[in-house]
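Go by the hints and put chain B onto chain A.
In the order they appear, the protein sequences are chains A and B. At position 335 of the first sequence the residue is numbered 334 (numbering that gives the first Met the number 0), and the sequence of numbers has no breaks. At position 88 of the second sequence the residue is numbered 87 (numbering that gives the first Met the number 0), and the sequence of numbers has no breaks.
Since the hints were derived computationally from the structure, they do not count as laboratory data. The structure displayed is predicted, hence computed values, not measured ones. Incorrect hints may appear among the rest.
What the hints assert, rightly or not - Under the rule of at most 35 Å between Cα atoms (straight-line distance), these lysine-lysine pairs were calculated in the DSBU-like manner:
#1 A:Lys-265 x A:Lys-140
#2 A:Lys-203 x B:Lys-145
#3 B:Lys-95 x A:Lys-140
#4 B:Lys-372 x A:Lys-63
#5 B:Lys-153 x B:Lys-195
#6 B:Lys-264 x A:Lys-265
#7 A:Lys-265 x B:Lys-145
#8 B:Lys-372 x A:Lys-305
#9 A:Lys-64 x B:Lys-372
#10 B:Lys-153 x A:Lys-265
#11 A:Lys-305 x B:Lys-145
#12 A:Lys-9 x A:Lys-64
#13 A:Lys-9 x B:Lys-153
#14 B:Lys-372 x A:Lys-203
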Amino acid sequence: MCGIFGVMDKRRQMMDGSGIRQALSIMNERGSGEGAGYAAYGIYPDYRDCYALHVFLDNACESKKVVDATLEQWGAIEHDEAIPTYDQPNLRAPCTPWRYFFRPDPSLAPGSATPEKDVITNLVMQINRASNGAEVFSSGKNVGVFKAGGGGAWPEAVADYYRIEDYEGYIWLAHNRYAASNPELWERPDPFNLHDWSVVENGKITTYGTNRRYVESFGYTCSNFTDSEVITYLIDLLVRRHGLDINLAIRALAPPYWEDIDQMPKTEQDLNRALRFAYGSATMNGPFTIVAANPDMMVGFTDRGKLRPMVVGECGDCLYISSEEAAIRAMEPNVESIMMPAAGEPVIGRVAP
Amino acid sequence: MSNNLGSMPLRYRVTIDREQCMECERCIENCSYGVFRRDGDRILINSRKCTACHRCLAYCPRDAIMLEEQPCDYRSHPVWTRATREAIYNQARTGKIILAGMGSVADLPIIFDRLMLDACQVTTPPTDPLREPVELRTYLGKKPSKLDLRRNSKGDVELATELTPNLMVETPIMLGHMSYGAISLNAQISMARAAKETGTYMGTGEGGLHAGLYPYQDRMIVQVASGRFGVNIDYLERGAAIEIKLGQGAKPGIGGHLTGEKVSKDVSRTRMIPQGSDAISPAPHHDIYGIEDLSQLVRSIKEATEWKKPVFAKIAAVNNTAENVAAVARSSVDAVVIDGFRGGTGAAPRVFRDHVGIPIEVAVASADRELRKQGLRNEVSLIACGSIRESADVVKAIALGADAVYIGTAALAAMGCRVCGNCYQGLCPWGIATQRPDLVERLDPDVASKQVANLIHAWTLEITELMGAAGINSIESLRGNRDRLRGYMLDEGLLDVLDVKPVGA
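One chain only, chain A, in its complex shape:
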């Protein structure tokens, strides 16, 4: 099941986290109270040029030393602190959420078009694949993920644990988890984040094995074993490293059927065939609705059969993508339009430049 929600203000006007807390909680029927999470863009204006690394530390002393050492190897720590948290009656924290504001050393990724992001990618993989009691769960500039798992981790409790109403962002994503495995792990609920990209998913892809082997052949390491992890890496690979426009990247991940491609005009047919040729191993199957965001956009798309719901709302400068209409109305009672895109029809919202 799971419930997902995304909201974006096209003109970068800030929203605090109370609205999305409200929206996500209205979908509690879709969750099991064992995990929820939020991602927000624009929350760290004072450190806008630093990569904000959110880390779960099993042990604030020993695990932290490992992270400190790794970060010093890859760049400079501008500032670090415990993420402020507020105890909730039913939520038991097995780890300490910490944040670093970090400047990667671009000279460590020679020959890369995006050296800073390559450094961040490498160091996140390095920390997360080792069993060192540290898990980096968000790593972008001016973006942060707040999430928790285990019994009692309903959306309200998680929001209150981090007091997300104290943060202001222009894009928010949220995930209400219906746990099926490892309910106790705090890193398991979405959003999953890797530098620019954050992903929330309602679904269970049947192609995890094919997709994972594909991204791993490009140097990513999957250590979280969630769909959203592999999806985040696929999007990063296709958009950042292969230079595909987001609409083509989505087309590669959820391509049209061959019989539809056969009917297209020649140039379009060639392009779509080439996408399926090149990205057959990136194609995702099974039921999914995905909302993904980076600092400039928020997108929503579904599997080709639309086996999971996706509702889109618009109101003023705001775009909403949600599992349920009720959640959009909970956040914006005066929503102006509600749409249910057809299967395989993506929704792409861009922030005004």
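Just chain B now, with coordinates in the frame of chain A:
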């Protein structure tokens, strides 16, 4: 008497229920091995000549014939088995290499049978192939790893990458290479028609292309083997794709072998070899002593055919298959065919057939893994063959990393073959592995092609259902998806090689 061994115990015993028999003599007519003959008012039986081809049983109108295997016991012994003892007697008598037909008879565990497929239940729904599309269409050939896209004057994105030719199959099942010579023209025509009907392709084998197959040439993959039989520019130009045969699963390390008995006038013309002569292909291609030579040959063939056709390379599954495949993927080859050690053959030395090579399951899995590790997976398609017996084997082979499969023995069985393993004798009573006109005539292409097409169609339906149950609606999402397999009673080392988890994990 040149030896003291006398006669061997009977391999088969044929009996006739005289109560049932109406002496119609269909058994006499049908048995090309001469088991039956009439003597006065009786039909006599010479069981020693029987191959268990079942032709007499199949055509006896009264079910009067019965066949028994190994009616005579040896003293049982776990080491000195019947097969080892009989091989020794045979070689003591002849001093020769023993030839055998069909695939390996070694009693080794079959990995396919110890791999279980996955299905969806609650957390993901199965796809219903009766009501939703499930795509089996497969393109075989090189694929770009990345696309070069440009924006035109109107701002639309256009493709600048030029795609190399791919072979499009509507189902991932192709008909493997069995040459004219090894099998009859009617058998080839039957399979060619089936390939056309089901939207797939068939291999010519290394025996050239008979004019009778020209109407189906756009469905033929023409083979270039080390003997170069039947190869000329006309041959290359007729095929939809060209396959260079470097090895064969039934006999890795040695070349093809067609016994002189089967080299009829027509076969001799098509192969361009003298009538009645054994056609023994060299072990290596004498213009390929290294991988760079293969590259040159592939490019020469492509140059000769104006870069319009995909070129495949077929190798036998051996220890370092992964390394071989990775090397071939760096040449201009578009698809690599890997033939497992259980692959069929018209004739192979028994010692090779039963002892050399590795299983296809392992070879495909390690090749796919190595290609992905080296970032070469899009450079070649992988075609698995050698003991694909049913639709589940196809699904498992693809989940282990193959793009498609070739079937050989299964297609022959669809035409009547009972896997008796006497193909090299050239007396196949089913009209398949023979060139004797009266026997070939028994195989009616109108009938046999339908049977082969039925088999492909039936497997295709089953594959669609299995994929639907697994919640997968396109074949590329199954490819290399080992997470959808589980190993049942496979050891840890093998699971690691296959990159498959054990059942319950």
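task: Mind listing which of the numbered hints don't hold for this structure, in increasing order?
output: 1, 3, 5, 6 and 12
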